[in-house]
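Protein chains in written order, with my numbering: chain A, 313 to 672; chain B, 313 to 672; chain C, 313 to 672; chain D, 313 to 672.
Errors might be hidden in some of the hints.
The list treats identical chains as interchangeable, and a pair is accepted whether it falls inside one copy or across any two copies.
What the hints assert, rightly or not - Here are the simulated lysine-lysine pairs, BS3-like style, with alpha carbons at most 27 Å apart:
(1) Lys671 / Lys346
(2) Lys637 / Lys586
(3) Lys346 / Lys668
(4) Lys346 / Lys397
(5) Lys619 / Lys671
(6) Lys346 / Lys637
(7) Lys619 / Lys586
(8) Lys512 / Lys498
(9) Lys586 / Lys671
(10) Lys637 / Lys397
(11) Lys637 / Lys671
Note that these hints are calculated values from the structure, not bench results.
Just so we're clear, the structure is a prediction, and the values are computed from it rather than from any experiment.
4 protein chains.
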Amino acid sequence: MSSTYGQMIKLSIFGQSHGAAIGMTLDGVPAGLKVDFEELQAFLNRRAPGQNDFSTPRKEADAPEFLSGLLDGYTCGSPIAAIIKNTNTRSADYRNLMDCPRPGHADYTAQVKYGGYQDVSGGGHFSGRLTAPLCIAGGLCKQWLAAQGIQIGAHIAKIAGISDTPFSPVSPQLEQIGTDFPVLSKESGEIMRQMIQNAKADCDSVGGIVECAVTGLPAGLGEPMFGGMEGRIAQIIYGIPAVKGVEFGAGFGVAELRGSENNDPYIIEDGAVKTLTNHAGGILGGITSGMPLILRAAFKPTPSISKPQQSVSLEHMSREELIVKGRHDPCIVPRAVPVVEAAVAIAVYDAYLEWKARKS
Amino acid sequence: MSSTYGQMIKLSIFGQSHGAAIGMTLDGVPAGLKVDFEELQAFLNRRAPGQNDFSTPRKEADAPEFLSGLLDGYTCGSPIAAIIKNTNTRSADYRNLMDCPRPGHADYTAQVKYGGYQDVSGGGHFSGRLTAPLCIAGGLCKQWLAAQGIQIGAHIAKIAGISDTPFSPVSPQLEQIGTDFPVLSKESGEIMRQMIQNAKADCDSVGGIVECAVTGLPAGLGEPMFGGMEGRIAQIIYGIPAVKGVEFGAGFGVAELRGSENNDPYIIEDGAVKTLTNHAGGILGGITSGMPLILRAAFKPTPSISKPQQSVSLEHMSREELIVKGRHDPCIVPRAVPVVEAAVAIAVYDAYLEWKARKS
Amino acid sequence: MSSTYGQMIKLSIFGQSHGAAIGMTLDGVPAGLKVDFEELQAFLNRRAPGQNDFSTPRKEADAPEFLSGLLDGYTCGSPIAAIIKNTNTRSADYRNLMDCPRPGHADYTAQVKYGGYQDVSGGGHFSGRLTAPLCIAGGLCKQWLAAQGIQIGAHIAKIAGISDTPFSPVSPQLEQIGTDFPVLSKESGEIMRQMIQNAKADCDSVGGIVECAVTGLPAGLGEPMFGGMEGRIAQIIYGIPAVKGVEFGAGFGVAELRGSENNDPYIIEDGAVKTLTNHAGGILGGITSGMPLILRAAFKPTPSISKPQQSVSLEHMSREELIVKGRHDPCIVPRAVPVVEAAVAIAVYDAYLEWKARKS
Amino acid sequence: MSSTYGQMIKLSIFGQSHGAAIGMTLDGVPAGLKVDFEELQAFLNRRAPGQNDFSTPRKEADAPEFLSGLLDGYTCGSPIAAIIKNTNTRSADYRNLMDCPRPGHADYTAQVKYGGYQDVSGGGHFSGRLTAPLCIAGGLCKQWLAAQGIQIGAHIAKIAGISDTPFSPVSPQLEQIGTDFPVLSKESGEIMRQMIQNAKADCDSVGGIVECAVTGLPAGLGEPMFGGMEGRIAQIIYGIPAVKGVEFGAGFGVAELRGSENNDPYIIEDGAVKTLTNHAGGILGGITSGMPLILRAAFKPTPSISKPQQSVSLEHMSREELIVKGRHDPCIVPRAVPVVEAAVAIAVYDAYLEWKARKS
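Working from the sequences, and respecting the hints, build out all of it.
Here you go:
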């Protein structure tokens with residue numbers, strides 16, 4: 313199924329980049345949950361385009377229109393549906409992509425899969441624009457988790473090879489994340505911005521890594537094997553276009569560690585069981601340990617670059633040089649930060665409801 | 313849900329390490345598919361313990377007993393069920409773990425989640441032993457994919473910081489993988505084995521990375537967003553105990569690349585559309601491109617080490633030193649290689665059936 | 313999950329009767345399927361209110377607005393989303409129902425379930441109005457099935473105790489169903505209409521039965537046990553408000569029959585295997601036999617009647633007499649006929665795609 | 313999917329009538345639930361064959377062997393798996409059915425679906441024997457619901473046209489159901505038994521209806537539309553072989569009633585909201601009202617009768633007379649009574665866990 317996620321809540325995302333509207337339905341949410349619309353809009357604005365000099369100049373409000381599921385600012389128990397109308401589209405930019413697919417984009421795979429019936433404009437259903445409805449759902453879940461004392465925050469861990477200060481695995485510095493540019497180290501942030509500008513000047517793009525932390529989680533969320541927290545989070549994170557890697561805790565670094573280094577020793581702190589370190593990223597056997605949940609997602613460089621690229625004509629089966637037109641971010645990582653938070657919020661809220669069902 | 317996976321096929325895994333039996337049911341498989349039992353047993357033997365000097369000496373045949381779903385060597389359309397009886401168990405080794413959880417293991421999270429009712433012996437349902445039924449299901453799917461010209465192979469990419477030769481992303485050397493020790497470079501393999509022996513001598517363990525490739529895949533498998541190949545593969549790979557990272561194609565390396573480097577240029581080769589490079593790992597927009605599908609999974613060092621470790625008594629809420637008894641692999645990565653192949657085979661076969669349903 | 317249905321296609325229905333809009337998303341539909349919008353609108357009009365003198369005078373166009381999933385009149389592979397805006401609402405009619413629930417309606421159960429947060433206006437998410445988006449999805453599936461030679465038709469089998477001529481189980485008379493009033497016997501239809509008028513005059517309502525037939529089905533659709541055609545059809549039919557019974561073939565009549573009467577003898581006709589009778593309703597072991605699929609659904613009398621009724625005040629826990637205001641059909645059965653067709657079309661199309669995935 | 317059911321618990325049933333074993337896995341059950349094995353065996357015995365003079369003389373213990381999920385008589389949180397080994401099989405009886413399908417049975421539809429690869433012996437996966445593992449799962453759920461004060465009971469409502477005293481819809485007489493022959497009226501039961509004997513003497517069979525009631529249910533279980541109690545119960549009931557109709561409360565009788573008759577007036581009784589009558593069968597808008605949940609399921613006459621029947625040779629596409637050999641119940645309804653209880657218990661327990669997840 314293309315666009316449905318969740319065990320207790322069913323998130324269904326729909327829309328094409330240049331269609332009439334994009335949107336989402338979120339089914340299975342309990343009644344009586346408060347929604348702060350201003351906070352939600354502020355969250356959506358963090359993802360919206362046109363926020364700074366290196367993101368795409370296409371400016372759209374990304375103001376969600378709620379069609380159902382809410383009444384007087386509270387969930388009413390029925391499925392929540394929200395849409396964002398598309399207003400500022402330039403479809404002519406994409407006309408040639410049916411024949412000549414953009415390298416690194418889904419143009420070719422969609423062509424094969426849908427046999428020429430796909431909506432190619434703006435990337436269709438594969439567009440990064442589809443992360444806007446993901447952020448509506450995630451922004452709501454984030455609020456409902458916060459009401460339970462569960463906080464989610466993310467920052468840019470790396471762009472173009474430049475690293476930010478990492479989160480402390482046992483006490484992630486959520487409150488120190490920059491609001492203008494979401495990094496912990498202002499200096500690293502400055503260099504990252506310069507790298508993005510350099511890439512832009514070269515008609516090129518750069519990739520990066522987003523690191524996300526969840527604090528305040530009770531121990532016991534998640535199910536063993538295929539219902540583990542890593543798997544359910546990875547599944548939704550991979551639903552974000554451009555993600556090519558997801559890791560938890562020490563992640564790929566575990567291949568350099570010995571068991572005696574990687575194992576997190578148990579301690580008693582303030583009358584509670586904790587671990588001295590947190591290489592596990594707050595997850596053991598797929599189940600939350602009560603320590604902060606830490607993960608990282610790798611985003612490839614924006615495939616749409618204006619540099620000439622080698623492609624082919626599918627009609628003539630011949631070599632073609634492609635110049636991608638249209639407006640594109642030279643780096644999507646800054647805007648991807650709230651999207652990762654949204655995806656994690658949805659997965660965690662889903663696991664939270666499942667946990668409630670089975671605990672005594 | 314703990315142990316159910318799949319859209320078109322439903323894999324359900326059950327059992328505890330030291331219970332009566334472990335097993336699996338696989339529902340939704342078409343009728344008339346041939347099963348080669350010898351080949352399946354050979355595949356299971358690659359995962360089985362006691363194969364060499366550094367894997368756990370516990371020797372069990374891992375011979376599956378099929379209860380249903382097969383008739384005269386062919387699938388008969390009804391759910392396939394198979395079990396492996398547990399014969400060689402030493403539960404007394406685990407008695408103290410209810411009170412004093414092993415660092416890096418699921419003892420503590422299971423205790424919180426199940427309130428003391430969990431089966432702690434041998435790790436219960438969280439044991440690596442549960443990968444045996446995963447390999448039954450995966451071994452079958454591997455055969456059915458091979459009948460369609462789709463091959464799956466994996467090797468050890470890294471152990472204890474020592475790297476093997478990587479797969480060629482455009483033409484992975486599946487046939488060059490060692491049968492005794494699954495690496496491409498015999499020299500690297502020798503050093504890895506030495507590193508494992510060193511760790512064992514230190515009563516310690518080491519982690520590593522498995523790289524897996526799928527060749528012969530048609531373009532068009534997978535669905536956009538949450539049904540993408542990366543998400544569905546990651547979800548099942550994270551069902552394997554000890555996995556802390558999953559990446560595709562260039563993976564976390566994309567954070568160092570520019571778009572012009574990461575984008576794979578299209579070419580025409582033998583009358584077919586291919587890409588010159590394969591940073592995408594054979595997946596664009598969640599959908600297979602026809603190029604080899606490449607992924608890597610990071611496995612943490614075996615948490616059960618016989619070195620003294622710091623833990624706590626849950627009853628007395630006091631500090632305790634823990635000596636883990638029992639027999640444990642100093643490195644699970646060699647045995648994890650077929651398990652990754654199995655997980656990928658299940659995910660790909662599931663996507664293959666879904667693809668059949670929607671193509672015209 | 314409240315409003316999600318399907319194995320291969322995921323239908324998600326949202327909206328409240330008096331909210332901003334009602335709608336549906338339909339995910340998992342293949343690309344390249346043609347949509348005839350005029351035919352769809354004609355189908356929706358059969359369900360729409362205000363069509364005759366005994367249906368509710370509330371007149372709404374029920375004109376779907378497609379937001380995604382279609383391009384130039386064909387499915388494009390991405391999820392289909394469509395909404396119907398609510399224009400003609402009179403919420404004040406429903407104000408008192410939070411305290412004083414209407415007998416036979418979901419007011420009380422919603423109050424308990426949602427703790428006072430539910431949207432009570434017009435029945436909220438429990439309203440019969442939610443069958444409009446079901447008919448959008450079903451109308452589409454009906455067209456796609458028709459392109460495969462599969463026809464679906466339904467008629468009123470009974471209203472207020474008056475029976476129509478039943479379908480011939482081996483050769484249902486789909487083409488003889490009245491277009492003005494969907495019955496096979498014009499005479500029975502006249503009496504039914506009179507019974508409805510009588511009930512209306514008495515400020516009362518009447519119930520009935522809808523019979524539906526599917527012809528042109530290949531043998532082999534459906535899966536055994538919980539994936540059988542009866543179960544998957546019943547699940548979606550029970551999603552229609554007011555349904556209290558679903559039966560297939562001889563249905564509850566089997567309790568009067570002997571095996572020798574109920575068993576359908578096999579015959580060869582035109583070189584194909586058929587059955588002489590069709591007590592099975594075209595389903596054996598949950599799987600289609602190639603004979604017409606026949607089912608009946610019982611609809612209770614509209615619970616909203618203007619006759620005074622006995623209820624309670626939930627606030628004061630005291631007896632109350634209730635006069636239901638608002639406009640309500642004295643019999644919903646005529647408008648339910650296309651809704652049953654829609655539900656069956658969705659279930660059959662879902663099973664059809666699943667069948668394609670597994671057949672060789 | 314053939315044999316998987318549930319939203320919060322995943323029940324997977326496997327096995328063929330004459331295969332090595334039949335069984336079930338039940339995933340998603342909370343830890344710490346007590347299991348009374350004697351009570352479970354007594355429940356299974358109610359379904360077992362060979363209990364009286366008109367059920368099939370094939371005697372099998374139906375003693376479940378639990379492979380996982382239980383520890384010291386309590387659920388341990390991991391999936392529960394149980395099998396029943398097949399011991400007393402006579403496959404030679406079924407040899408000719410591949411070519412000459414039994415009327416009323418799934419032989420022909422299985423042949424078309426599985427292309428000759430199906431296991432035809434004893435009906436394979438379509439056999440009534442598969443209700444034994446359903447009863448294991450249902451017997452467990454029944455115990456866990458009873459611990460919450462929720463009782464489930466069923467009786468024979470009709471056999472061969474002879475009706476039992478119906479349940480009182482507001483106060484079903486669960487304690488008056490006969491233990492030897494599950495009816496409320498001993499006299500009706502005697503006539504039913506005679507009708508079965510008559511059918512047996514004629515080498516024929518008879519059908520009937522089972523009525524089931526659930527008491528002690530809290531109001532608020534179930535979800536609107538496709539998650540309603542009717543739909544989820546109907547889906548599992550239709551998983552029982554031979555069921556052709558399912559109805560709730562007044563069921564098909566609603567077609568004879570006016571709204572003023574069918575609507576259940578609200579009353580206050582013992583400080584609680586109840587209804588004077590219960591035509592709704594305890595369900596409004598798909599959600600439990602707190603009144604007893606009442607349903608009926610129609611079972612067709614056993615299709616396997618020893619009377620000569622008309623069939624065809626699939627190989628020669630010619631008319632054949634068929635004499636069904638083997639041992640078969642002339643009426644399965646008495647043995648179906650606990651099976652209906654089991655199915656309802658599973659559906660209700662699943663809904664109960666879902667309800668826990670969303671209530672505040």
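Original post:
Any hints this thing doesn't respect? Which numbers, in order?
Top reply: 5, 6 and 11
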